[in-house]
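Undergrad: Each chain, written out:
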Amino acid sequence: MHPAFSVIFLTTLIGVGQGLFLALFTGQSYAAAQFLPAQNGTGFFAMGSLIALLFLIGGLISSIFHLGHPERAWRAATKWRTSWLSREVLALPVVMFFVFVYGLMHYMNWDMVIFVTSTGVKFNLSLLVGAVGAAAVFILFLCTAMIYAAIKFLQEWSNPLTIVNYILLGTASGFTLAAAFSSYTAPDLIRFFSVWAIIITVMAFVSRSASLIRNARIKYKSSIQTAIGVRHNQIVQNAQGAMGGSYNTREYFHGKTAIFLKSIKWLFMMLVFPVPIILLSSGMDDNNGAVLLAAFMVQYVGLLAERWFFFAQANHPQNIYYQTV
Amino acid sequence: MSQLALVIDLNVCVGCSACVTSCKEWNTSGPAGFMSDDNPYGKEPTGTFFNRVQTYEVGCFPNTETIHFPKSCLHCEDAPCVPVCPTGASYKREEDGIVLVDYDKCIGCKYCSWACPYGAREFDEHQKVMKKCTLCVDRIYDQSLPETERKPACVLSCPTSARLFGDVEDPESEVSVAIREEGGYQLMPEWGTKPSNHYLPRRKTRLHIHEDELVRADNPLKKEERQPSAPVDEPTLDDSTSW
Amino acid sequence: MNYSPESEQMNVNSRIEVKNTTCYMCACRCGIRVTLRDGEVRYIQGNPEHPLNQGVICAKGASGIMKQYSPARLTKPLLRKQGADRGDAQFEEISWDKAFGLMEERLSHLRATDPKKFALFTGRDQMQALTGLFAKQFGTPNYAAHGGFCSVNMATGMIYTIGGSFWEFGGPDLDRSKLFIMIGTAEDHHSNPMKMALSKFKRNGGRFISINPVRTGYSAIADEWIPIKPGTDGALILCLIRELIAQGLYDRDFLVQYSNSAQLINTDEASDEHGLFIRTESDKEPGCFDPMNELWWDRHTDAAVKTHTEGADPFLMGEFKLEDGTSVKPAFQLLKDQVEEYTPEWAENVTGIPAETIRRLAHEMGITARDEKIELPIAWTDAWGKEHDTITGNPVAFHSMRGTAAHSNGFQTIRALAILMSILGTIDRPGGFRHKAPFPRPIPPCAKTPKGPEGVNPNTPLGGMPLGWPADPNDLFVDENQKPVRIDKAFSWEFPLSAHGLMHNVITNAWRGDPYQLDTLMIFMANMAWNSSMNTSEVRKMLNDKDENGEYKIPFIIVADAFQSEMTAYGDLILPDTTYLERHDVMSMLDRPISEYDGPVDSVRIPVVPPKGDCKPFQEVLIEMGSRLKLPAFVKEGGERKFRDYPDFIVNYETEPGSGIGFLAGWRGKGGEKFMKGEPNPNQWEMYEKNNCVYQYHLPKSYQYMRNWNMGYLRWAQDHRLTRYAEPINIHIYSEVLQKFRLAAQGKYPGKQPPQHLRKRIEEHFNPLPFYSEPLEAQLTDKQKYPLNALTQRPMAMYHSWDSQNAWLRQIHAHNYMHVHPSLGALHGFGDGDWIWVESMHGKVRCMARFSEAVEPGTIWTWNAVGKASGAWNLEGDANESRKGFLLNHLIAEELPAHDAGEHLSNSDPITGQAGWYDVRVRVYKARDDEPKETWPQFDTMPALPGTGKRRSWQGFFAGMFTKGDQ
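Protein chains in written order, with the working numbering: chain A, 1 to 325; chain B, 1001 to 1243; chain C, 2001 to 2967.
Treat the hints as calculated values from the structure; they're not laboratory data. Just so it is clear, the structure is predicted and the values come from calculations on it, not from any experiment. Using N, Cα and C, we set each Cβ at its ideal position, and we do this for glycine too. Don't take every hint at face value.
Said to hold, decoys possible - Estimated spans, in silico, between C-beta atoms of each pair: (1) A/Y220 to C/L2827: 32 to 42 Å; (2) A/I213 to C/G2829: 29 to 39 Å; (3) A/Q323 to C/K2690: 48 to 58 Å; (4) A/Y107 to B/D1104: 33 to 43 Å.
What the hints assert, rightly or not - Pairs of lysine to aspartate or glutamate, EDC-like flavour, derived with a Cα cap of 16 Å: (5) B/K1204 to C/D2223; (6) B/K1043 to C/E2319; (7) B/K1223 to C/E2049; (8) B/K1110 to A/E251; (9) C/K2336 to B/E1224; (10) A/K152 to B/D1078; (11) B/K1043 to C/E2934; (12) B/K1222 to C/E2224; (13) B/K1223 to C/D2223; (14) B/K1223 to C/D2302; (15) A/K219 to B/E1190; (16) B/K1128 to A/E251; (17) C/K2950 to B/D1038; (18) A/K152 to B/E1190; (19) B/K1223 to C/E2934; (20) B/K1222 to C/E2934; (21) C/K2373 to B/D1218; (22) C/K2373 to B/E1213; (23) B/K1223 to C/D2253; (24) A/K221 to B/E1225; (25) B/K1128 to A/D188; (26) B/K1204 to C/E2224; (27) C/K2336 to B/E1225.
Construct the entire structure; sequences and hints are all you get.
TA: Spelled out as structure tokens, the structure:
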């Protein structure tokens, strides 16, 4: 596939937003259970939600560049029964709504206690909203990932690891951002977020590596033989009937060399996983916000590369028909 | 229930591209609006087409087969491009199974084309909507056309009549008979898309010569065997003895 | 389906019209229906009621819209700017008045002084009836169409043998054939009718064998592909003939009755009549026919009898002595002797086809012809008055074109092919080869050129036809020193039977002044500065070359074309022609009509849109000039103009006053009640228009076959003035015409004598029976150094068309590769897609390699004429056609290297002057990595000519309107 930058930014930006929101909610949950000190509603949760919301909006804006007719984008909400893309289009504003409400509640301090356990743990309304929001976040992750995983003949994508990767990579980047964010707003939580960021990044490393290993061993179901229905072990395309190229050659071929592809793979494997982990551990040890911010930025750049690679690596079976000019 | 479709006979397709340009010619001035061409007179000319002919070489010299392979939307029975469309712009008609795009609803997200394993859809770079073969839906029901011309432009144009058009759900239709009797097959059956368009394979006619056919009793060479009577003026036994 | 609001509105408010005319996107001439929306072209489809294409259309025809709206259209007469060189393409617009004035002044002077100083050569023929008439009336012998560099070997090789030829004049009857052999036919000849027939043939269970070095196009769907080395088709065919004779798989009865196989030939080497038929007295007045006064050797009486003696059955083989002691052999015996050396093993070595395959091929042909006989219940009478109850057919059909023709040994190859078809008994019979009216013609046809310079006189029409069919050496068009009279040396001892001229040598000859210099060269629709010339780069220099006085060696060049071709850059005066959709035109019986097997068909074009800008149909230019120059056919007795315009000319012109023969055969006579012959009908055009622009006549069934010998048909043809004589046209298995030239070379034929240096060449090549010789260029090439054959063909989507600027078609073929077998890459260290050099002894090109398993490994090939000079055809300077596309022509010379037959001999068949396009030998090697990644040679970008259209950076065509995207 030819990686489209609009989609790369869309998926990575909303991933950060979703992950950051999950981090905020996790922080509040831990605080509610009194594992962590409570944080300032305005400075931390409202601000954090705003940042998450900005990432989500950034993703939304970037998605517009992907559309031929963005003015009709509202129509995309209509086919949620069958289309994961339609579901994503619905889930994204729902997530944004909850993030907004969650942040607003913290900002306005509308946070009545709705339930207290016998152990004294207080459940605030914001926690409930956060829980529903978190569920929406997971649904959004699922929708986004399923857009890709649901195309069964894109064999690099069509497996559960795609969903796991989307969840873990988005969450990891969100927690890394949360670690950096907390160093400026809630130093008590630096270690909490950093450790979680490291744990999730490690998990993401495992699942992403698993998908790389899997994809390296794919046996493609489609071949030039099935594509044209001729049995012979030597079939070569001689012409595709469009020497100047076509939509089919522009949309589905990355046009880069195998070496370039490999370099991008190693680049993102470094930038998304070990480098941020090192930066996170060193940043949390000496409370260095700049280092933690660097960890996020490195990881985000890495994710851009990861997403580029995600698309580039996917071999669309239509390419079989467009081998030779 | 009916399912309109094309059956493409690779046995007679010579790869002339008549279907390619006649399709473009009809459809660029049709309901889809123009089909744009970029760099029409410059470097790397490229434009929107609903149908293209590819060429494959099968086998090694001298046992090479050259196969011309026209491909357009296959109007799958289980069209993967339809459910993925977020707006419903991509749809399959109940009445005749044609897969169409409603250009007014299409937001140009290209997802339907990703979901097509055949690369049958093309995004028009200037109209910003996804386009594809319509089986000339604006021709085939047009009562103002003579009945014989209510066919897709590519079918009408094809000089070798390698493109058959009809209802593959009707077992007695020309297309169903061809599929049944001439070995019609579907592309990439592994994905369960059940393409309605079928392809007919190459069929060979061979001549078997039996040895006894080479020489027949009436071989014309026999007429050329000239056995002139021996000359009378040369010596014979008559000249040397009287017995 | 939702209609976009835009289109809905357009359709509601639009005026839709449908008009019929005839396509001209290639030379096939299908009937088309053009749908117009508000007067602009919206849709072009095949006309379902047209006999030729029956509703289908090809890729070119369906792209006619993009031709009509091409930015390369010329719309103004242009005059080269003062001070600008030819090739610079610097022009100023002028009026038609001025253009006509210029031409009138120049041409009337030439006509009054030395008419041969004016030459008219046209690329695309099918307008030859008019262009030829103009040249003849002007009085110049220097006229021809593109046949000489196209396929004249096909025409002559077959017409000198069976009185007919492939394509316009005849073809394979695939309706009834069982075995079809296509040999040396490029990608797409002859476009739609062949495609339609082929698929029907295959679906009817016919077996299709393709013999071709390359497997593309039609060959792709062959049941069997037999790859062959280029230029060796003759060897294969001769071997097939040998095998068929050896096995007795020939149609003896057919050969006896309908060919000269059994006729006795003088084999007395000492005799001046050696190799000629023994003839008896004839009671017929001599004419352009065979008096049938030759002899047979009758098997029953064992004596010589006159041919076709009732009850006689002649020997085809043997050796006999006439009463006067002359030793004689039947022609067939000589054929048998001649092919004896062409064994399958020998042929395998030459052609690369396994001997077993050749044997099998011969057996398949022979057995199918013999055992699958067709008997049609059609009674007919032969030319000797014998009545037959049935028509017999031997269902083996052939088709062939430039692959066999465009070699310097092509004439004899095609003679061999025609003989092969004849010994199988397939001529004008069901399932075999069938003629199309006005063929068959006598062998050779009657038209003759003047026999010397006395036929060329000031202010006088030419004393003969500019092109003709010599029957013996005394028909040659040479002066008393045996030098050519024509600029292209056609009908001289160099190329005696050059029935279509040698357009490919005109510029070189005129530039060199050999045989003389021209003054004005008028080129219509021929891209002589590009793909229609051999040796393109040098020809471009010649066109621009000046003598020591600073005068151009070719003083004045007029180019008539509808598009900004490479050639236009070299014109002094450019005349903008119309497209086919903008003019009247006729596919005339006097030229190359579109006849079907079952009878004559001609057709017309009628404009469907008005001419763009100031462009004017070339026909109108000729009518205007003919009137201005007062050429007799174009003016009344008093010298005033006779025809208002071209349509008026078509209706009212008669070949001779009162002859009743004109350009169109249909709806003649006052009320349109006659055909073929009849007085002019003022409503003829309207009648064509009402009838799909086509006139078709179906002969009675009994006249549809065996037309060489069918009394009914021959008399019909005579009555309708297709022919002068209703005499049988026997097949020339043995060509006495060729033998007469050979005798002349041997000093045994009275009259004109060949120059000494050509005697050996003529003696060798004018063999009365086909023989195989290696193409001349190959004989003169170091084949160790240049081991490969290089070929070109046009892709189907551009076949016989001059398209590359067509916005749709050029997307399919934007540039060309050199197709090579992968083993060549392995040998020379290059890969698929790499840049390579291809070099012949004449020049070299850099191009990209494309590996292919569908090419004979000793051959490389590319698409012809996809490559364009930068900026030509109003393409952008960096268009793929010029940067990645290339012409093979740079490797091919128009002249052979000097050798014992002389220097400056055309690289052509020594019999017919057919250009030897496919004789070039080359080598390949990898281009260095530091070389530019573009083809070589490159030329300076040609600027857009005044009056051409603007190029859009993108376009959206909607029924005659372009959406935005204007540059």
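Undergrad: Can the restraint linking B/K1223 and C/E2934 be considered satisfied, given a maximum Cα separation of 16 Å?
TA: 66 Å, violated
Undergrad: Would you check the hint for A/K221 and B/E1225, treating anything up to 16 Å between C-alpha atoms as holding?
TA: 68 Å, violated
Undergrad: With the threshold set at 16 Å, check whether the alpha-carbon distance from B/K1128 to A/E251 stays at or below it.
TA: Answer holds: B/K1128 to A/E251 is near 14 Å, not above 16 Å.
Undergrad: State, for the Cβ atoms of A/Y220 and C/L2827, whether the hinted interval 32 to 42 Å holds or is violated.
TA: 33 Å, holds
Undergrad: Are the Cα atoms of A/K152 and B/E1190 separated by 16 Å or less?
TA: 11 Å, holds
Undergrad: Sort out whether C/D2223 lies within 16 Å of B/K1223, counting only the CA atoms.
TA: With Cα atoms ~36 Å apart, B/K1223 and C/D2223 exceed 16 Å; violated.
Undergrad: Next pair to validate is C/K2950 with B/D1038; report whether the Cα-Cα distance is within 16 Å.
TA: Between C/K2950 and B/D1038 the Cα gap is close to 15 Å, so the pair holds against 16 Å.
Undergrad: Using the Cβ atoms, figure out if A/I213 sits within 29 to 39 Å of C/G2829.
TA: Check passed, 37 Å falls within 29 to 39 Å.
Undergrad: Is it true that the CA of B/K1110 sits at most 16 Å from the CA of A/E251?
TA: 9 Å, holds
Undergrad: Please work out if A/K152 and B/D1078 have their alpha carbons no farther apart than 16 Å.
TA: 13 Å, holds
Undergrad: Has the given pair, B/K1222 with C/E2934, been kept, meaning a C-alpha gap of at most 16 Å?
TA: 65 Å, violated
Undergrad: Return holds or violated for the Cβ distance of A/Y107 and B/D1104 against the range 33 to 43 Å.
TA: The hint (33 to 43 Å, Cβ to Cβ) holds, given that A/Y107 and B/D1104 are roughly 42 Å apart.
The structure fails hints 6, 7, 12, 13, 19, 20, 24, 25 (numbered hints given earlier, in ascending order).
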